[in-house]
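Visitor: Dock chain R with the ligand against chain D, hints included.
Residue numbers (the numbering used here), protein chains in the order written: chain D, -10 to 143; chain R, 55 to 439.
Hints may contain errors.
[What the hints assert, rightly or not] In silico lysine to any residue, SDA-like type, Cα no more than 20 Å apart, as pairs: (1) D:K(-4) <-> R:M179; (2) D:K38 <-> R:S300; (3) D:K38 <-> R:R277; (4) D:K(-4) <-> R:L176; (5) D:K(-4) <-> R:S300; (6) D:K38 <-> R:R303; (7) R:K214 <-> D:G72; (8) R:K214 <-> D:N47; (9) D:K24 <-> D:N47; (10) R:K356 <-> D:V100.
It is worth saying that the hints were derived from the structure and are not from the lab.
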Amino acid sequence: MFEWFGKINFTPHTRVTEFADHLKDGYLMGSKCRKCGFETYPPRADCPKCLSPDFEFNEISGQGTLLTHTQITAAPTGFQDIGTYRVGLLDLKEGGRLLAWIGESIGEDEVKIGMQLQVVPRIFEDTPDIKVYYTLEKPGTTWNKAPKPGAATP
Amino acid sequence: MSRIGIIGIGHGKFGRRSDASVQELAFESFAEALSDAKIERKDIDATVIGAVPEYHKQRSLAGAIQEYLEMTPKPTWLTEVACASGSAAIRTAWMGIKSGLHKVVSVIGCQKMTELQTPEILALMGRVGEVQWESIFGTTFPGYYAMFANRHMHEFGTTKEMLAAVAVKNHFYGAMNKKAMFQKEVTLEKCLASDPVASPFGIFDCCANADGAAAVILAEEERARAIAGDRVVWLDGLGCATTTMSVLRRPSLTGISSATEASKQAYEMAGVGPADIKVADVHDCFTIAEIMAYEDLGFCKKGQGGHFIAEKQSYLGGRTPVNVDGGLKSKGHPIGTTGVSMTVEVVKQLRGDCGERQVKDADVALTHNVGGIGQYCFVHIYKKE
Ligand SMILES: [Zn+2]
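So that you can see chain D by itself, here it is in the shape it has in the complex (with noise of 0.2 Å):
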């Protein structure tokens, strides 16, 4: 269900939907086409590379280096009760990019360009509906996983 994955979602309806299912459970899963291999992250259905439509999920690690960030004062539509919020983009490790919100294990004089951080998927707590999401914290945070991950096919 992609719909889950953010606080406000725009992308209800796409092919690599079980994405935030896995996220609920825990696992970070990036794409690897079942044609030439080619793996990256976000997850995409069609291979960029050989221009397959056949890929699986492929869990990453989530760690990776800092490339850049911001501290975002003046927010959009369903951000503007948070307050101010950092925003990092993260190299990842296995390749590709990640951004997310920068967690509460990083002190505001700590954030640098450069520094290694921890991808960790996070349910909001206070919704009704299911809300999944991640946040960049200190390489070695732990968190849940579901026991046995779901399916590894689309």
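Guide: Relative to chain D, chain R with the ligand alone:
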């Protein structure tokens, strides 16, 4: 190869135009361009509109404008590539003439942004980036350029003072431009102390939404010479390129790669290089954007953009005067209009009509118009006879 020239220009007042509808704004600049070219509506074969539709209640704006100008049944269509829509309109007009389909084409950039209520603006602002993986974290237009700025500062030692110096320059020239939204100088201290938007940006690092229209009329060489004589300004180089919308797939975080590519094409086509450009209007939607433009266009080396402004090389009398009309920063940024506004300015510069803002002996000029956060870029090079 036969050339295509600009034979008429018109530019309305930018700002909060609560006095006029979008058709009326378009009319104002179109009528001025007609009178500047000294031609009549029957001499024009088609109208291309540059505008971004989601700001207007009237859907399919091109037809509504064509009607208001009483230009029906001549053809019209709209081009949309976010903030570069105006330059895309000029490019399609050039293509229409080059193909032989038309001989004289008018281009109108027009945008009314202040009719929307704040919640609608804030909702649009939240969908500037790639919506599947990025906008869900509340990314904004300033937020993306702020991330480029932080990376540029990290790699090249660019400072907040250098960013603010861009705003100071553009307000300095904007104060001399009667069409600008903000005709007031600002100090470096005021810029640096302005309210935070997205770090490292304060409000003075950002351009403002605005209403306004601008128009240019293009013609094939023979017609252009017959109509405008030695006042014609030639569009001799066109470059256009794209890069990813998503920062997750972006090749460079310290420059706009579509601008580098588009400028390469335009320089080659016009047979000139960066050192030949006597005046440029570039897309300073944020202060860092102008600094990256200096580098992407080859006015200075990669990483030296901050020093270029600190040394006042982009002022009148500097190596390459940039945005001496005030830029988006001071003129305001009616997004579909901006590319046409830039063109009006450089045509005036090449005609020698800019008064106290005039670049001496200007004979080659450049416009650099970026769409969105860089996913589109159009670079055009203009020459005097
Ligand atoms: Zn493949």
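Visitor: Any of the earlier hints contradicted here, and which numbers?
Guide: Structure breaks hints 3, 7, 8 and 10.
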